[in-house]
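Engineer: Here the structure of chain A is known, so what remains is to put chain B in place on it, guided by the hints.
As given, the protein sequences belong to chains A and B, one line each in that order.
At position 51 of the first sequence the residue is numbered 51 (our numbering), and the sequence of numbers has no breaks.
At position 56 of the second sequence the residue is numbered 273 (our numbering), and the sequence of numbers has no breaks.
Read the hints as simulated data drawn from the structure, not as lab findings.
The reader is advised that the hints may include incorrect statements.
[Stated by the list, open to error] Chain B stretches covered by chain A per the calculated footprint, using a threshold of three residues with CB under 8 Å from any CB of chain A:
1. 255-266
2. 344-350
[What the hints assert, rightly or not] Here are some of the chain B residues that sit facing chain A, going by a computed Cβ distance under 10 Å:
3. Lys289
4. Thr294
5. Leu295
6. Pro296
7. Asp330
8. Gly341
9. Leu382
10. Gly386
11. Gln420
[Stated by the list, open to error] Negatives, chain A to chain B, calculated, CB over 12 Å:
12. Thr43
13. Ala129
14. Lys195
Note that this is a predicted model, so its numbers are computed, not measured.
Beta carbons are placed, not taken as given, at the ideal position from N, Cα and C, and that holds for glycine.
The primary structure of each chain is shown beneath.
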Amino acid sequence: MRNVVVPDAAAAVAGISDGMTVMVGGFGGAGLPRVLLKAVLETGVRGLTVISNNAGTSGDDLSSWFEAHVVDKIICSYPRSAEAFTEQYRRGDVELELVPQGTLVERIRAGGAGLGGFLCPVGVGTDFAKGKEVIEVEGRKHLLELPLKADFALVRARDADTLGNLNFNKTARNHCAVMTTAARVTVAEAARIVKPGAMDPEAIVTPCIFVNRILKA
Amino acid sequence: MTPLSRNALARMVANHLPSESFVNLGIGAPTMVANALDASQGVILHSENGLLNVGPAPAEGEENHDLINAGKQPVTTLPGASFFDSSLSFSMMRGGHIDVAVLGAFQVSEDGDLANWNTGRDDGAPPAVGGAVDLAVGASQIWVMMEHTTRDGAPRIVSRCTMPLTAVGVVRRIFTNLCLITVTDAGLVVDAMIDDLELKDLQALTEATLTAAPALRTINSDGIVT
Numbered sequence: 001m002r003n004v005v006v007p008d009a010a011a012a013v014a015g016i017s018d019g020m021t022v023m024v025g026g027f028g029g030a031g032l033p034r035v036l037l038k039a040v041l042e043t044g045v046r047g048l049t050v051i052s053n054n055a056g057t058s059g060d061d062l063s064s065w066f067e068a069h070v071v072d073k074i075i076c077s078y079p080r081s082a083e084a085f086t087e088q089y090r091r092g093d094v095e096l097e098l099v100p101q102g103t104l105v106e107r108i109r110a111g112g113a114g115l116g117g118f119l120c121p122v123g124v125g126t127d128f129a130k131g132k133e134v135i136e137v138e139g140r141k142h143l144l145e146l147p148l149k150a151d152f153a154l155v156r157a158r159d160a161d162t163l164g165n166l167n168f169n170k171t172a173r174n175h176c177a178v179m180t181t182a183a184r185v186t187v188a189e190a191a192r193i194v195k196p197g198a199m200d201p202e203a204i205v206t207p208c209i210f211v212n213r214i215l216k217a
Numbered sequence: 218m219t220p221l222s223r224n225a226l227a228r229m230v231a232n233h234l235p236s237e238s239f240v241n242l243g244i245g246a247p248t249m250v251a252n253a254l255d256a257s258q259g260v261i262l263h264s265e266n267g268l269l270n271v272g273p274a275p276a277e278g279e280e281n282h283d284l285i286n287a288g289k290q291p292v293t294t295l296p297g298a299s300f301f302d303s304s305l306s307f308s309m310m311r312g313g314h315i316d317v318a319v320l321g322a323f324q325v326s327e328d329g330d331l332a333n334w335n336t337g338r339d340d341g342a343p344p345a346v347g348g349a350v351d352l353a354v355g356a357s358q359i360w361v362m363m364e365h366t367t368r369d370g371a372p373r374i375v376s377r378c379t380m381p382l383t384a385v386g387v388v389r390r391i392f393t394n395l396c397l398i399t400v401t402d403a404g405l406v407v408d409a410m411i412d413d414l415e416l417k418d419l420q421a422l423t424e425a426t427l428t429a430a431p432a433l434r435t436i437n438s439d440g441i442v443t
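Okay, chain A solo, but in the shape it has when bound:
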């Protein structure tokens, strides 16, 4: 039977390499895969493009990646109170692609759903429209927004079963659920791991087809 549980953090992030694109779930601390973040740091990987809502604030969140100069580019919506990132941004060491929060997650959804993008009214007539194709539908202007995909997606789950089915804790679902669909390798750290059948099928948020590795953490 399928069993995607890995023995340790190193195995959870094995294969991550320089220049890859990595999605990191979480909104603030909710859903942030702190154990996986640390495991990636320990690989010594460099030159990552990160897709995440925030850019970390302090301690063992994404700020640790900026402090270690792991990131070349971040695609995110709200890099506020992010000291390490801000310092590198001011020096021009890291590139920022700023995306409205709902557009960010929908671009990820498009990537995961095999869509070539979507038409979005958000940002029309603002700086967020720069460089984007404008298409009118039913008399309303929309921007053509392109999909986002990644080599790895790292998320934090509450429960996982050994097949890879997941649920999340409270508002920790945020970008995590959609990110699991859009990466070549999706890794979830989970607080609890149970046997197949122990999770209510009605309450599984992420079906196991999207999940490649589970780490108990």
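Structural biologist: Only chain B this time, still in chain A's reference frame:
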């Protein structure tokens, strides 16, 4: 004249929210509206990080870092609350399911343009937008809640926004510490003002042209419109 306190302004906004409406409160001052709501209004609060039926702040020691609002403050859930992912959350906005979003603003123009995400000052700091643009475009009605002028006394209600726009022509109502304004096709209409304020005094603090509603009402110091 005494401008409304922040609490009174929050109460004025809360009192105007339709009963049983779905409402998103932007981060910052608008979150104060939550405390001013009467439970009998049946308003259901949405938080764009994935929660409907947001409850009040938890008691000290009861905080859960996985249960937060869009401002990343710990919250609680009310009976009937639900959690969902960000894609579904922003579907609620862009899909027109949120009845009212109450947002802070740096500037609002007479055409209802909103500038609330970036002052446009290039001090080298990275820009951050979060869900501001999505909310401004998606909610059925956008209400702005702000101080009438900047700390230096400069108008925030302007002919044309000079700061980077959040969205074009979206603001329906403006609640300030001096007045309540409706944005109409014919311009900005003042529905109510605080006591002892003349329209010409209000106009002097406002760059955009104001007209008074036929039945101009008064806002008392508790934020109650009479």
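Engineer: Are the hints correct? Go through all of them and say.
Structural biologist: Hints, verified against the model:
no.	hint	in the structure
1	255-266	holds (count 3)
2	344-350	holds (count 7)
3	Lys289	holds (4 Å)
4	Thr294	holds (8 Å)
5	Leu295	violated (14 Å)
6	Pro296	violated (15 Å)
7	Asp330	holds (8 Å)
8	Gly341	holds (5 Å)
9	Leu382	holds (5 Å)
10	Gly386	holds (8 Å)
11	Gln420	violated (28 Å)
12	Thr43	holds (26 Å)
13	Ala129	violated (10 Å)
14	Lys195	holds (24 Å)
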